[in-house]
Structure formats: structure tokens, C-alpha cells
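Undergrad: Residue numbers (numbering that gives the first Met the number 0), protein chains in the order written: chain A, 0 to 284; chain B, 0 to 282.
In short, the hints are calculated from the structure, not lab data.
Since we're looking at a predicted model, the values are computed, not measured.
C-beta atoms are modelled at their ideal positions from N, C-alpha and C, and glycine is treated no differently.
Take the hints with a grain of salt, since some may be wrong.
Claimed, not checked - Here are a few chain A residues that face chain B, going by a calculated C-beta distance under 7 Å:
hint, residue
1, L15
2, L16
3, A80
4, L84
5, N101
6, L105
7, F112
8, Q129
9, R199
10, G239
11, S259
Claimed, not checked - With beta-carbon atoms standing in for the labels, derived distance ranges:
hint, chain 1, residue 1, chain 2, residue 2, range
12, A, S61, B, V264, 45 to 51 Å
13, A, L102, B, H26, 18 to 24 Å
14, A, S61, B, F33, 47 to 53 Å
15, A, S57, B, Y38, 41 to 47 Å
16, A, H64, B, Y38, 32 to 38 Å
17, A, L14, B, A147, 50 to 56 Å
18, A, V83, B, L91, 46 to 52 Å
19, B, L91, A, S61, 17 to 23 Å
20, B, L95, A, L204, 38 to 44 Å
Here are the chains, one letter per residue:
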Amino acid sequence: MGSFLHRHRGLTPYLLLAPGVLWLGIFFLIPLGFLAYEALQSGIFPDFKFTWEFSNFSDSLSGYHEQLVRSFFYAGIATVACLVLAYPLVYWIAFRAGPWRNLFLLFIVAPFFVTYLVRTLAWLNILADQGPVVGFLRDIHVLAPDGRLLATTFAVVSGITYNFFPFMALPIYVSLEQIDPRLLEAAKDLYSSSTQAFLRVTLPLSAPGIVAGTLLTFIPAAGDFINAALLGTPNQAMIGNVIQSKFLESLDYPSAAALSFILMGAILVALLVYARIVGTEKLTG
Amino acid sequence: MTTAAETVALRARAGLGARAWRFVKRHTLTVYAFLVVAYLMLPIAVVILFSFNAPKGRFNYIWEGFTFKNWIHWNAVLGISGALETSIEVALVSTLVATALGTLMAMAIVRHQFTGRGGTNLLVFLPMSTPEIVLGASLLTLFLNATALFQLGFWTIFIAHVMFIISFVVVTVKARLIGFDRHLEEAAMDLGANELTTFRKVTLPLIAPAMLAAALLGFALSIDDFVITYLNAGATQTFPIFVWGIARVAVPPQVNVVASAIFLVAIAIGLGNVFSQYRAAKR
Chain A
0 MGSFLHRHRG LTPYLLLAPG VLWLGIFFLI PLGFLAYEAL QSGIFPDFKF
50 TWEFSNFSDS LSGYHEQLVR SFFYAGIATV ACLVLAYPLV YWIAFRAGPW
100 RNLFLLFIVA PFFVTYLVRT LAWLNILADQ GPVVGFLRDI HVLAPDGRLL
150 ATTFAVVSGI TYNFFPFMAL PIYVSLEQID PRLLEAAKDL YSSSTQAFLR
200 VTLPLSAPGI VAGTLLTFIP AAGDFINAAL LGTPNQAMIG NVIQSKFLES
250 LDYPSAAALS FILMGAILVA LLVYARIVGT EKLTG
Chain B
0 MTTAAETVAL RARAGLGARA WRFVKRHTLT VYAFLVVAYL MLPIAVVILF
50 SFNAPKGRFN YIWEGFTFKN WIHWNAVLGI SGALETSIEV ALVSTLVATA
100 LGTLMAMAIV RHQFTGRGGT NLLVFLPMST PEIVLGASLL TLFLNATALF
150 QLGFWTIFIA HVMFIISFVV VTVKARLIGF DRHLEEAAMD LGANELTTFR
200 KVTLPLIAPA MLAAALLGFA LSIDDFVITY LNAGATQTFP IFVWGIARVA
250 VPPQVNVVAS AIFLVAIAIG LGNVFSQYRA AKR
């Protein structure tokens, strides 16, 4: 085998790639094709027929644009909340935590070690109507005496924020950690205040991390349905909830497939808009 | 007109103010950082705390009293141990396969120039940037359209997990391979080792840490996955699917016990890693 590889050196990369590429091809690309095929079918379970039913797209869009808009709205707020929470923390870790850096990074990824559903359910305990948080907020009249946090937009958005926080924090940390401390010393030597040094040196250099973190948070957040299902009501339903229930409960595969493509398309549009704002060179890193 | 003394006093006060401001600013950041860490730890603490709760009714939302009973009788809930077992089995086999396939891909991408490299990179990147629900849904349509070949259950979950773990393995191993000194392999070849021996004796030991990191990440992703698994599991239950089903009725504290146990094992591995890095840095 060794001598065979030696004689056909050009083949080596393809042999190395073949198993993985085949797996991704058969179980990722081809399924996307089947999803497209499904999205253009019509009929009632289990008798679907391929009829180029493009109305599946327009029907689902007009029927569920509310959930679609809500998904992007929630994902947007959660992304901003993640950024506001994460940036100062990872800045502190990168520049102030010294030898404790890795320990604090472990704190950031620790939520990932608790099963997604269980850590989301923990917010049910924390935000419960009889719980201490709601009790306190009622006492200081932030909430009405019968006000609640569960089953509200707040609960769903804060669940999403919590669950996707590490996706924002880690890329920003990586970009902050790579900053050469000599650049900050140079800024100081040139009489910049620490605020100026932050705004003119640190922030621009960490921009790639912010961009990557924003994408890594926003994309899964827009497709999420667990937080809305566990912490919200049908009034907080997101597009993921609709797709999930159409696939597994109402068995309406064609419109579920069409909605999946609409979600992907909408994310793509959001990415393009974002790329226009931040500049493509930052997006591709 | 201000006198010289006044100017000095003013400057001193400004200096004091600036120093106070710097003090506040410095510590505001520290306090903020610790508050965010506390926010991150809060639900974890709640999960662990409520694994020791002795709920009076069916609902484990309110603290009623401390007990070890849930930990001792962790599998007293019907289906929980089977679900956990399935989760671990799926995670083991899918991590094993995905780590092998992903490492090979990473080696090809980093160390060879070939036509289709860009396309391969894209193929690796795409699954990571597709929402899980779309990944799960599209795979389900494949399985539904090929029922003769695939029956929803353990093996469809396995297929799905390998599919979404591969990309993470490629990214992790690639990062390590980029800093790899090719001269070591050339030296081995010059000394008469053939390609297989070189791979076994030189390459593999050097990339083993990256493969281990990738495998741990893959295992964590697999054991935690709900969305893709739920769509492709059929009647098979993994631990997250079990939790989803029981969440609609009432979550027993045993669920917290299992989640806490998984957390504690993972955090022990993580702390071991932090500690060894800390010692390596000190040396």
C-alpha cells in the first residue's frame, strides 16, 4: 500500500478525503436535495406527490411570517445581549485574569456541560411564579402583584441569550488574546488615554471576534425552538417551533420543508445585510 | 485669576479624581466580570441543588427539603437509565467514526494541494452554519424517502451525529496541523521509514492531542444534542429526548441527578486540563 501511494502521490488527498466527503455528501448535501424535493410536493400524509408546488413557499410565508419575524427579532436581541454580557467579561479574562485565564474560560463553557434541555428547564425554577426572583420584583413593584416572568418574551429571549452565550464569548476572547500588548504600550507612549487606546486599538482589533461571535450566536438562535417551547407560550412561538411541529405532529412535510428553506434564505439575507454593514473583508476574516 | 497655590490644589484634586475614576473603572470591570460569571453559574447551581430536592408533589420547581434519595435511586424513573445508556453508546460510536473521518479530511486539507480544496472547505463549513432544525429536517426527509434502507432508530441517530460532528473535528485538528513541522516526517522517511511507519510513529503521536480534544468536543456535542436527534430518532430515546418527553408532564429530580453527574464528569476533565496547563506554564 505504501508503494502504491508513493507511485500515485496525487491520489493521496482524495483517498484521505473520500470517507468524510462521502459522509457529508450523502447525509448533508443529498438530504438538502430531498428537502427541496419535499418542499415542492402536494397532498396529505402519507400520499405526497411531486407537483412543482411552489405555492408551498408563498403559503407558508404568508401563514407564518409572524413567527419568522419574531425569530429574527428574538435572535437579534439575544445576540446584542450576549455581546453586552460577554465583551467586558472576556476583556477582563484576556487582560486582567493572569494565570486564572483558563479557569475562567472553563466557566464560560461550563453551561455546555449541562444538557441543553436541563439547563433551560433550570430557568423554569429560577423564573418560577413562586420563586425568589419574581417575588423580589413584585416587592419592588417592577412587576405587578400578579405579574410573571415565565411565559413571556423576556423568558424566551433570556433563555436564548444564556444558551448561546459561549458562542459569542469564545471568538471575542480569541481575538482579544491575540492582541500584541506592545500595541497598547505604543498607544500609551503616544499619549492616548486608556479610553482612546481601547476605542482606537483594542476594539478594532477585536472586531473579527465580534463578527464571528455575532454569526455563531445569531444563526442557531434564529432556528431555535427549545427556549420558546419550554419558557414561552404559543404567543412566543418561533419559526423553529412551526417547522418542528409540522414535521413531527401535523405531518405536513411539504410546508415544513418549504419553511426550512425560507429560514435558510432569510438567514442568508440577514448575513448579506450584515456583510454590507460591517464590510465583506471582515466577514470572511 | 487663579494663584499658583490654587492651580496646584486644582491639579491635585484632578489627579485624585482621575485616580478615583481609574479605581472605579478598574473595579467596575472586575465586578461586572464576576457578575456575568455568577449569571453563567446560576442555572448550573440550580440544576445541582434541585437534584437534592425532596419535592412534595410531582413538580420539582420549589425547594422543599434536602435528600440524597434521588442520587441513590437515580434510575427509579422508568426509562431514564436506558435513555442514558443509548446516549453514551451513540456518543461513543459516532465520536469514534467522526474523529477518524475528520482527522483524515483535516490532513488532506492542510497538507496537500489539490483541485477541489475550496469546495471541500465549503462542505466542511456549511453544516456548522446551517440551523440544526434544517440539518435534522433534511436528514429526516432522506430517511423518509428511503425507508427500505433506513429505519429510524439508533443507527439513524448515529448517522446524524457523525454528520454534524465531522466539521468540528476537521476545524479542531486543522488548527493543530497548521503548526506541524513537516521536517520531522521527512527525517523519518530519510531514515528509511515507509509512509505507514512514519504515520504510525511520527505523525500520529504528534496529532494525538488534537484528536483527543476533537473527540472530547464531539462526545460533548453528541451527548447534548436534542434537535437533530429528536427529528431522526423514531421511537429510540436518548437522554435529551427523554427529558423533552418528561418535561411535558413533570420533571423528576432524577433528571437533575443525571445532568449533574454528566456535568461533574465533564468539569473534572476540564479542571484536570486547566490544572495541567497551569503547571506546564509555571515550569
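Undergrad: Does each hint fit the structure? Answer for all of them.
TA: Hints versus structure:
1. L15: Check passed: Cβ of L15 of chain A comes within 4 Å of chain B, closer than 7 Å.
2. L16: 5 Å, holds
3. A80: Violated. Min distance 11 Å.
4. L84: Interface hint status for L84 of chain A: holds (5 Å vs cutoff 7 Å).
5. N101: 4 Å, holds
6. L105: With a closest approach of 5 Å, the L105 of chain A hint holds.
7. F112: Since the shortest Cβ distance to chain B is 4 Å, the answer is holds.
8. Q129: At 6 Å from the nearest chain B Cβ, Q129 of chain A passes the 7 Å test, so the hint holds.
9. R199: 17 Å, violated
10. G239: 5 Å, holds
11. S259: 5 Å, holds
12. A:S61 to B:V264: 45 to 51 Å: Since the Cβ atoms of S61 of chain A and V264 of chain B sit about 49 Å apart, the hinted range of 45 to 51 Å holds.
13. A:L102 to B:H26: 18 to 24 Å: Cβ of L102 of chain A to Cβ of H26 of chain B: about 20 Å, so the range 18 to 24 Å holds.
14. A:S61 to B:F33: 47 to 53 Å: 48 Å, holds
15. A:S57 to B:Y38: 41 to 47 Å: 43 Å, holds
16. A:H64 to B:Y38: 32 to 38 Å: 34 Å, holds
17. A:L14 to B:A147: 50 to 56 Å: 30 Å, violated
18. A:V83 to B:L91: 46 to 52 Å: This hint is violated: roughly 39 Å between Cβ atoms.
19. B:L91 to A:S61: 17 to 23 Å: 46 Å, violated
20. B:L95 to A:L204: 38 to 44 Å: Holds: the Cβ-Cβ distance is about 39 Å, inside 38 to 44 Å.
The structure shown violates the earlier hints numbered 3, 9, 17, 18 and 19.
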